[in-house]
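S.K.: We have chain A; now place chain B onto it with these hints.
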Amino acid sequence: MRGKFGLRAITALICLSLCSMGFAQAAQAGVIGTHAIAGAEQRAAQVERLQSLVASEDVTAKLVVLGVDPEWAAQRVASLTDAELARLNAEIEQMPAGAGVVTIVGITFIVLLILELTGVIDIFKKI
Amino acid sequence: MLGPAGSRVTPDVLASEVYTPGLKGSLQPDLLGAIRRRGLLAYELPPTLEALSAELAAGHPILVLQNLGPVSRPVWHYAVVIGADASTETITLRSGREARLQMPTRKFMRSWDKADRWAVVVLRPDEVPVDPRRERLHRAVLGLEAAGRPVAASQAWSAVINIWPDDSVALFGLGNARYSLGDPVGARAAWARYVKLNPGDPSGINNLAVVLGDLGCRNLALQLARETLDKLTPGDDAYPQVLDTVSTLESQPAGRDPGHCIPVGTANQDQSGRP
Numbered sequence: 000m001r002g003k004f005g006l007r008a009i010t011a012l013i014c015l016s017l018c019s020m021g022f023a024q025a026a027q028a029g030v031i032g033t034h035a036i037a038g039a040e041q042r043a044a045q046v047e048r049l050q051s052l053v054a055s056e057d058v059t060a061k062l063v064v065l066g067v068d069p070e071w072a073a074q075r076v077a078s079l080t081d082a083e084l085a086r087l088n089a090e091i092e093q094m095p096a097g098a099g100v101v102t103i104v105g106i107t108f109i110v111l112l113i114l115e116l117t118g119v120i121d122i123f124k125k126i
Numbered sequence: 000m001l002g003p004a005g006s007r008v009t010p011d012v013l014a015s016e017v018y019t020p021g022l023k024g025s026l027q028p029d030l031l032g033a034i035r036r037r038g039l040l041a042y043e044l045p046p047t048l049e050a051l052s053a054e055l056a057a058g059h060p061i062l063v064l065q066n067l068g069p070v071s072r073p074v075w076h077y078a079v080v081i082g083a084d085a086s087t088e089t090i091t092l093r094s095g096r097e098a099r100l101q102m103p104t105r106k107f108m109r110s111w112d113k114a115d116r117w118a119v120v121v122l123r124p125d126e127v128p129v130d131p132r133r134e135r136l137h138r139a140v141l142g143l144e145a146a147g148r149p150v151a152a153s154q155a156w157s158a159v160i161n162i163w164p165d166d167s168v169a170l171f172g173l174g175n176a177r178y179s180l181g182d183p184v185g186a187r188a189a190w191a192r193y194v195k196l197n198p199g200d201p202s203g204i205n206n207l208a209v210v211l212g213d214l215g216c217r218n219l220a221l222q223l224a225r226e227t228l229d230k231l232t233p234g235d236d237a238y239p240q241v242l243d244t245v246s247t248l249e250s251q252p253a254g255r256d257p258g259h260c261i262p263v264g265t266a267n268q269d270q271s272g273r274p
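Chains as they are written, first to last, in numbering that gives the first Met the number 0: chain A, 0 to 126; chain B, 0 to 274.
Bound-form chain A, shown alone (with noise of 0.2 Å):
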């Protein structure tokens, strides 16, 4: 019970941000996304979509209620597809989050994972 309405309160303090990142896209013009067309049906897009508007809310809040900082976890759902962000509301609590800590290595090994795949460091250099 009282987790939920952490949530809950979480949710409401992350709409402000969220909310006016819609309204910004809402009046850069009347085009249609591409994400609309790009389903192979796209009815299947559009019922998408509204999903997506939803679980970007939960994700956020579930993000955030996994220690992530609520800035950064607006971010980390404004860089997914409808697509993703409707898998990952679905399936946070059982999908697979590499490198634990305890299991393996952890940050540090991602962080440099990261900065290798995007050629901030040279990978091949390294070997």
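Everything labelled a hint here was simulated from the structure, so no lab data went into it. All values derive from a computational prediction rather than experimental measurement. Beta carbons are placed, not taken as given, at the ideal position from N, Cα and C, and that holds for glycine. There may be inaccurate statements among the hints.
[As the list claims (entries may be wrong)] Quick look at which bits of chain A chain B covers, simulated, 3 or more residues with Cβ under 8 Å:
1. 29-37
2. 56-66
3. 69-80
[To be verified] Now the stretches of chain B that chain A is said to cover, found in silico as 3 or more residues with beta-carbon under 8 Å:
4. 21-35
5. 131-143
6. 194-205
7. 241-250
M.R.: Frame of chain A; chain B shown alone:
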């Protein structure tokens, strides 16, 4: 392979981007997001060793998820595949603190199987995978659009069009990327080509009408949008947007369209969607 935004990142910032304390790890979508925010393409590979080998041969390192524990008690682990040798049946990984971990291919395959064979190759936005699969590539580029990286998205959609000149999703996406970059002429060219290929799709006509309106072609735009609206019912997905476009255009001052306002199908367009 230096990313446009990637050069100034600090480990602290990156940790905030990808690390989830409550899970003591990183979620797959958060890794995809971190790659996209640097303007790079995160392409999820088909789940085969052949696909991995082909990308490695092209010099592209691959991010993989492994499960090093039993199925019942998973130990999730990210690693980067940097080599695959078919003759010795070994896979080389950057894994944890190991700069060069050799693993028998069979053992690697077991750990990769238990993680649903998740693999991502990181590419520059103007690059494409060695053996591109259309829907996978669409998903990768849609990710750039979602992350708000229109410059990269525009390059990536153009690369898709280079492979499949009549790719409707890419033409539509190229229009959106150019439009958000303040290139209405380029957006019009891409959308006009999309509409030519998909004359019955109200989404394409809506976007074309919006940009034609921006370019001063109010009458032509209004004609297109009204014709489309007439064919729709309020229950259709595109209805609210097209209705909005019609009313926006109606509120613009009427007058004669300039000479460059030519209907779709009569304009000269090349393969890139440029007029």
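S.K.: Do at least three Cβ atoms from the region 241-250 of chain B come closer than 8 Å to Cβ atoms of chain A?
M.R.: holds (count 3)
S.K.: Taking 8 Å as the C-beta cutoff, is the stated coverage of the region 131-143 of chain B by chain A satisfied by three or more residues?
M.R.: holds (count 4)
S.K.: At least three residues with a C-beta closer than 8 Å to a C-beta of chain A: is that true for the region 194-205 of chain B?
M.R.: Answer holds; 4 residues pass the 8 Å Cβ test.
S.K.: Taking 8 Å as the Cβ threshold, is the statement that the region 21-35 of chain B is covered by chain A upheld or broken by the three-residue rule?
M.R.: Since 15 is at least three, the answer is holds.
S.K.: Can you take a look at whether the region 69-80 of chain A is actually covered by chain B? Rule is 3+ residues, C-beta closer than 8 Å.
M.R.: Contact hint for the region 69-80 of chain A vs chain B: holds, 7 residues under 8 Å.
S.K.: Taking a Cβ-Cβ distance under 8 Å as contact, does the region 29-37 of chain A have three or more residues in contact with chain B?
M.R.: Our answer is that it holds, as 9 residues pass the Cβ test (under 8 Å) against chain B, meeting three.
S.K.: So is the region 56-66 of chain A in contact with chain B by the C-beta rule, three or more residues under 8 Å, or is the coverage claim wrong?
M.R.: holds (count 4)
Going down the numbered hints, you'll see the structure goes against none, and every one checks out.
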